[in-house]
Amino acid sequence: MPAFPSSSAANSAGRHIELRSDNAYVQHLVHVINTVLERTGLALPVLVLTLLFLTIKYHNRTIFAKPPRKELYSPPAWPLIGHTLQAMKYTDNILDWFLEQSRKHPVGFSASIAGTGSGQMNFIYRPEYIEYVQKTNFENFEKGQAVKTRFSDLLGQNGIFNSDGHVWKTQRKMASHIFSVYQFRTWVQTVVQREMDSVVGILDALTEGKSSSDPATLLLPDLFFRYTLSSFGKMAFGSDIDCLSADPSCLEREVEFSNAFDFVQMVIDKRFRKPMWQLIERFSSEGRKNARMVKKINSFSGQIIEQRLREREAGIQKEKMTSDGKEGKDLLDLFMDITTDRDDLISVVLNFIIAGRDTTAQGLSWLFYELMKNPQYVEEIRSEIRNVLGNTDGSIRKLDYDTTKDLVFTQACFNEAIRLHPPVPKNGKRAIKDDVVVPQGPTAAGLPPIKIYAGELLSWSDWVIARNPEVWGPDCCEFKPMRFIETVTNEDGTKTRSLKNFGQWKFHVFNGGPRLCLGMTLANYEALSIIAAVMNRYDFGWGTKAQGQTADWPLKYLPSVTHPSQMYTATVVRRDELM
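Counting in my numbering, the sequence shown runs from 1 upward without gaps.
Please keep in mind that the hints were generated in silico from the structure rather than gathered at the bench. Backbone N, C-alpha and C define an ideal beta-carbon position, used for all residues, glycine too. Heads up, a few of these hints could be off.
[What the hints assert, rightly or not] No more than 30 Å apart at the CA atoms, straight line, and that leaves these computed lysine-lysine pairs for DSSO-like: (1) K66 to K173; (2) K433 to K405; (3) K480 to K506; (4) K398 to K329; (5) K506 to K169; (6) K451 to K169; (7) K451 to K210; (8) K398 to K495; (9) K173 to K405; (10) K289 to K426; (11) K426 to K169.
[Unchecked claim] Simulated DEER-style distance windows between Cβ atoms: (12) T340 to Q193: 31 to 39 Å; (13) K556 to P275: 40 to 48 Å; (14) L499 to E311: 57 to 65 Å.
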């Protein structure tokens with residue numbers, strides 16, 4: 001009977017087999033490496049080592065981006081792609097991601113997104129830094145080529161909205177002529193009051209025979225967009241866009257230009273968070289639709305341009321009689337005096353429509369929503385309107401430009417609505433040269449300077465700043481119009497309320513510095529005119545699902561370059577029917 005091997009012999013054999021196995025593995029590995037080197041040379045090993053080196057070096061940001069600033073919070077990031085995945089995840093509600101980061105640091109955060117060409121994006125939520133960028137060292141910060149490229153199919157390369165330097169200064173100087181006090185007291189006031197007749201005509205017709213138990217319904221933001229598009233088209237281009245009349249059937253006609261304009265703005269907004277967006281749009285259904293919408297927009301604008309060019313060639317002067325019988329040039333006239341290039345003029349039309357249509361319409365949409373949430377302010381608005389614009393017979397006269405300043409509380413309500421829901425909720429400027437952004441103003445103490453490298457973005461969100469308790473106090477997220485009211489005691493002991501001026505940096509919804517919004521006064525006048533015309537006359541409410549409501553409550557914003565709300569259904573009833 002053969003003997004079993006001893007334990008020591010067995011262990012020795014095991015070690016020998018293990019060693020032979022290891023040797024075979026090493027030999028196989030060496031063979032694989034030799035084969036790879038024979039076929040690729042040193043290319044693959046160098047590539048692997050390079051990738052490893054880059055992964056270690058850029059472990060928290062996109063490749064070649066500068067390190068995050070130590071003065072700012074840096075959210076967790078992926079090697080080489082930085083915060084690209086987070087930005088794409090929040091592409092439809094990016095403001096919420098910004099707000100989420102703002103809770104983690106009192107000043108701002110650094111982020112990098114692949115394909116944006118901006119390296120590190122330094123995002124701040126204190127207005128003291130914005131003043132440095134938009135005023136103190138204005139010449140060192142620009143929109144930049146990345147912005148122009150993303151906007152170019154809609155607004156061109158040289159529109160006032162996305163241009164810099166001499167081109168921007170020329171366009172701003174030309175446009176400033178239609179925003180003069182004289183123009184407001186004459187042509188602008190005349191157009192707005194005529195459009196107001198159409199709005200009231202629509203609402204009167206819709207509410208005829210209706211009651212609180214059976215109210216009329218309409219898409220209220222749609223009415224506001226029609227109002228601002230129609231009035232701005234007449235004021236700026238002398239053109240009737242045919243989207244608003246006193247007949248409520250006009251609401252049933254689709255405004256193809258507006259729908260296309262909104263869609264393209266949504267696509268442009270996503271481009272800032274989408275790597276390789278040009279390639280993606282070429283092969284995606286959304287990209288193909290965007291191309292069709294751009295053609296539709298250009299066709300609409302081109303018709304306005306071609307009609308006016310034909311009139312100029314024929315020597316026909318477009319009649320623009322103001323309320324005092326004088327004629328004045330509209331915006332298109334002024335630009336046609338310096339160029340008749342069709343593409344340049346289309347760019348002019350679209351750049352001013354994005355400002356002239358969206359700011360007021362979106363502000364009104366958010367205001368009426370806030371008043372539905374906070375109805376305790378409605379009666380005070382009505383009381384002020386009656387005191388300022390009421391006639392002895394109880395009727396309300398139309399608001400003229402010079403009386404706008406007397407609607408203090410009404411203006412405060414509109415200001416509070418656009419503070420919480422600013423028309424341009426996110427923005428930024430690219431540094432031309434290396435710089436140190438030094439916070440400005442009396443509240444800058446304790447805020448650190450921030451190093452910015454050439455080509456990087458300093459970005460901000462007025463939407464986030466409005467929700468920063470360090471800026472607006474612990475009630476910053478609440479709709480409180482009284483924050484814009486200050487009371488002064490006169491020498492005779494009487495008290496006067498006036499609008500509180502927070503300055504253009506804290507209340508930054510109309511931009512600031514040399515790029516302060518030219519249309520600020522127009523936006524306020526248009527908004528207060530429609531509030532004065534309808535608030536005393538009608539009761540508005542939030543529609544139910546049974547009444548066609550598709551919007552959420554609380555109301556959500558939509559992805560866009562500007563800040564539209566969801567399209568919502570409102571109920572409306574004539575107040576004299578309730579009395």
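* Would you list, in rising numerical order, the hints stated earlier that this structure does not obey? => 1, 2, 7, 13 and 14
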